[in-house]
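Visitor: Numbering (the working numbering), first residue to last: 7 to 548.
Some hints here could point you the wrong way.
[Stated by the list, open to error] Label pairs and their computed distance ranges (CB to CB):
1) PHE451 - PHE329: 30 to 40 Å
2) VAL275 - ASN180: 50 to 60 Å
3) PRO512 - ASN296: 21 to 31 Å
[Stated by the list, open to error] Below are the DSS-like pairs computed for lysine-lysine, each with C-alpha atoms no more than 25 Å apart in a straight line:
4) LYS369 - LYS436
5) LYS369 - LYS321
6) LYS478 - LYS436
7) LYS479 - LYS436
8) LYS534 - LYS154
The hints are simulated quantities; they were obtained by calculation from the structure and are not laboratory data.
Yeah, the Cβ is synthetic: ideal placement off N, Cα and C, and Gly gets one too.
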Amino acid sequence: MTMRKLSIITAMLFTGGTLAFAQDMQDARRYSFNDYMGTARSMSMGNAFTALGGDLGSIGINPAGSAVNSYSQFTITPNVSIAGTETTYTPAPGLTGDNQVMITNTSRTRVTLPNIGFVVNWNPNDGSSIKTVSVGIVGNMTANYSNKIDGRGINAETSLLGEKADFFTQNNYNYWSFFDATYGGINRNAFNNFGWEDVLAAHTGMITTYGGSDTNWIGATETIFNDGTVGTAGLLDQRWRRVTSGYKYDLLGNVGINISNELYLGLNVGMIAIDYTSNTYMQEVAVNTNDFFIPFDDGDTYFDSFRMSNWYNAKGAGVYGKFGFIYVPTPEFRIGAAFQTPGLINIKETWQSYADIYYTDNKHSASEDSPEGEFEYNLITPLRFNIGAALNFGSGVVSADYEFTNYGSMRFRDVDGHSGEFRTTNDAIKDYMGKAHIFRLGAEFMLTPSFAVRAGYGFSTSPEYEYDNGSKKAVDAKTNTYSAGFGYSSSGSFFMDFAVRNTVLPEEYYYPYNSYIPGINSPEVAFKRNLWDVVLTLGWRF
Numbered sequence: 007m008t009m010r011k012l013s014i015i016t017a018m019l020f021t022g023g024t025l026a027f028a029q030d031m032q033d034a035r036r037y038s039f040n041d042y043m044g045t046a047r048s049m050s051m052g053n054a055f056t057a058l059g060g061d062l063g064s065i066g067i068n069p070a071g072s073a074v075n076s077y078s079q080f081t082i083t084p085n086v087s088i089a090g091t092e093t094t095y096t097p098a099p100g101l102t103g104d105n106q107v108m109i110t111n112t113s114r115t116r117v118t119l120p121n122i123g124f125v126v127n128w129n130p131n132d133g134s135s136i137k138t139v140s141v142g143i144v145g146n147m148t149a150n151y152s153n154k155i156d157g158r159g160i161n162a163e164t165s166l167l168g169e170k171a172d173f174f175t176q177n178n179y180n181y182w183s184f185f186d187a188t189y190g191g192i193n194r195n196a197f198n199n200f201g202w203e204d205v206l207a208a209h210t211g212m213i214t215t216y217g218g219s220d221t222n223w224i225g226a227t228e229t230i231f232n233d234g235t236v237g238t239a240g241l242l243d244q245r246w247r248r249v250t251s252g253y254k255y256d257l258l259g260n261v262g263i264n265i266s267n268e269l270y271l272g273l274n275v276g277m278i279a280i281d282y283t284s285n286t287y288m289q290e291v292a293v294n295t296n297d298f299f300i301p302f303d304d305g306d307t308y309f310d311s312f313r314m315s316n317w318y319n320a321k322g323a324g325v326y327g328k329f330g331f332i333y334v335p336t337p338e339f340r341i342g343a344a345f346q347t348p349g350l351i352n353i354k355e356t357w358q359s360y361a362d363i364y365y366t367d368n369k370h371s372a373s374e375d376s377p378e379g380e381f382e383y384n385l386i387t388p389l390r391f392n393i394g395a396a397l398n399f400g401s402g403v404v405s406a407d408y409e410f411t412n413y414g415s416m417r418f419r420d421v422d423g424h425s426g427e428f429r430t431t432n433d434a435i436k437d438y439m440g441k442a443h444i445f446r447l448g449a450e451f452m453l454t455p456s457f458a459v460r461a462g463y464g465f466s467t468s469p470e471y472e473y474d475n476g477s478k479k480a481v482d483a484k485t486n487t488y489s490a491g492f493g494y495s496s497s498g499s500f501f502m503d504f505a506v507r508n509t510v511l512p513e514e515y516y517y518p519y520n521s522y523i524p525g526i527n528s529p530e531v532a533f534k535r536n537l538w539d540v541v542l543t544l545g546w547r548f
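Could you put the whole structure together from the sequences, leaning on the hints where they help?
Guide: Right, here's the structure in full:
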C-alpha cells in the first residue's frame, strides 16, 4: 500500500467535490478541424476532388466543382456511422502488485446525414465564353463527434478522492470555505470561488477534514494507518467513461462559372453549425467494502462507491469564405486549387457537474449537483489551402490532393472582439499547435457506361507540437483513411452511389487525475479509435 504523510492522526469523514470549465487548445482544434464527408462518391474516392469537381460532396473542398457539370442535380446522403474504441486502463503506470490493467472494447452507432443539397445549372446561350453559371445550396458534414470510451482497472495505490484531499491540504483550503460556519449548512457561494468538482466533493463528504484541523483533508477512499500516514484503504475498481455526440455542418451558398469549358471558378459563403455534447464520469467502487471503514458521529459504516459526472454542451454558428478554380489544359489532365478564409464562430457553452457517494449504511449516502454554467465566446479558425491534380484516361480517372492548415493561428476572443482574457490559452495554441498536412488519393474505373468502382486513401499529420530539449517538433501521430465504393447511373435522371470508409486515428491518452504521491503515477487511459462510415447517396439530374 502506498501512503502519503499527513500531520494529523485521527479520522472522521464528511463530503466534497469540484470542476470548472475553461477553453483550451483542444477545444479550438475540435471546432476548427474538418473531416470532409460529403457524398458516397466523394468519400469512396478519398475526397480527392480538388481538381475533379462535378459532385456535390466536393463543393466544400473546391467551390469550382459545381461548374464542371452541364446539368442541375439534387443529392441526399444518409450514413450509418460506427465508432469503435479499444481502451487500455493502467491504474498505476510502472507498478504491478495488486494493480490490474484492463482492456475494454466499446462501440457507438449513429445514423447521420453527411450531405444534402442541390445545384441549378444555367446556360446563357449568348455566344460568350461563359458557358454555364451554377447556383446551389449544399449542406456537408465536416465533423461527427459520436464516440464512446470506457476504461476500467483495479487500483491499489491512488484514488481521485485521495488526489483531491491532497490538493486541498497542499493549498490550505479551509473547511469553512465550503460550509456555513454560522448556520452549519452548505455554502453554495463556494461555486464562485472553487472548481465545481471540488465543491461537490466537499459538500457530499467525499473528502473532509479530520483530527480537529480545518485544513487537513482526507478522502472517503483513504484510511489513517498506525504510523500516522494516510493512503488508499484497499483495492478500488476504477471506471472512467466519456460519451460524446454531435456534429459540425457547413451550409454552403455556392456560385460557379464555366469559362470556355477550360476554366471553372467557384465561390462559397460557408455557414458553420456546431452542436457538441460530452458526458464524462469517474467512478470508484470498493472491491471489498470491509477495507474501507468510516467512523461517523452517529454510527460507523463502510465506503461502497462514488461517482463524479460532468455534462458539457457547446453550440456554435459561424461564417467563412472559400474561393477555388479548376483548369483543364487538355482533356486528359486538370489541376485545381482552393483557398478558405479564416472563419469566425460564436460558441455558447453550458455545463453542469454531479456527484454521489454511497456507504453500506445508506443513511450516510449523499448526492448533489452544481449550478448550470454558461459562457459565450468567439473562435477564429485557421485558413486552409488545397491543391490537386487529376488524370483522365478514358475509362477512369485518378486524382491526388494536398491540403495545408495552420492550426497555430487559431485564436479565442470574447464576444466584443477582445482576446485579453484568453491570452494564456492563445499563447499555448501558438506554442503547441502548428501546421497540419493532409494528402488524399482517389481512383474511379468505369466497368460499364453505367457502373463504376472506386477507391481512396488519405492521411493527415497532427497539428500538435512538443518540445524536446528546447527544440520544437511536430508530434508523430497520423490519421489514416481507407475507402471504397461503387456507383450506378441510369439512362434517365436517377443515380446512386455507395461507399464504405474506415478512419484509423492515432492512439490518445487521458489522465483522470493528477499524480499526487511522489514516485506513483496517476492512472493512464490510452484509447485507439476506429471509425466506420457506410454511406448511400441518392441523386437526380435535371
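Visitor: Give a verdict on every hint.
Guide: Each hint, compared with the structure:
1. PHE451 - PHE329: 30 to 40 Å: Distance hint for PHE451, PHE329 holds at roughly 32 Å.
2. VAL275 - ASN180: 50 to 60 Å: holds (55 Å)
3. PRO512 - ASN296: 21 to 31 Å: For PRO512 and ASN296 the Cβ distance comes to about 43 Å; the hint is violated.
4. LYS369 - LYS436: violated (52 Å)
5. LYS369 - LYS321: violated (40 Å)
6. LYS478 - LYS436: holds (12 Å)
7. LYS479 - LYS436: At roughly 13 Å apart (the allowed maximum being 25 Å), LYS436 and LYS479 satisfy the hint.
8. LYS534 - LYS154: Given that 25 Å is the threshold and the Cα spacing comes to 11 Å, the pair holds.
Of the numbered hints stated above, those contradicted by the structure are hints 3, 4, 5, listed in ascending order.
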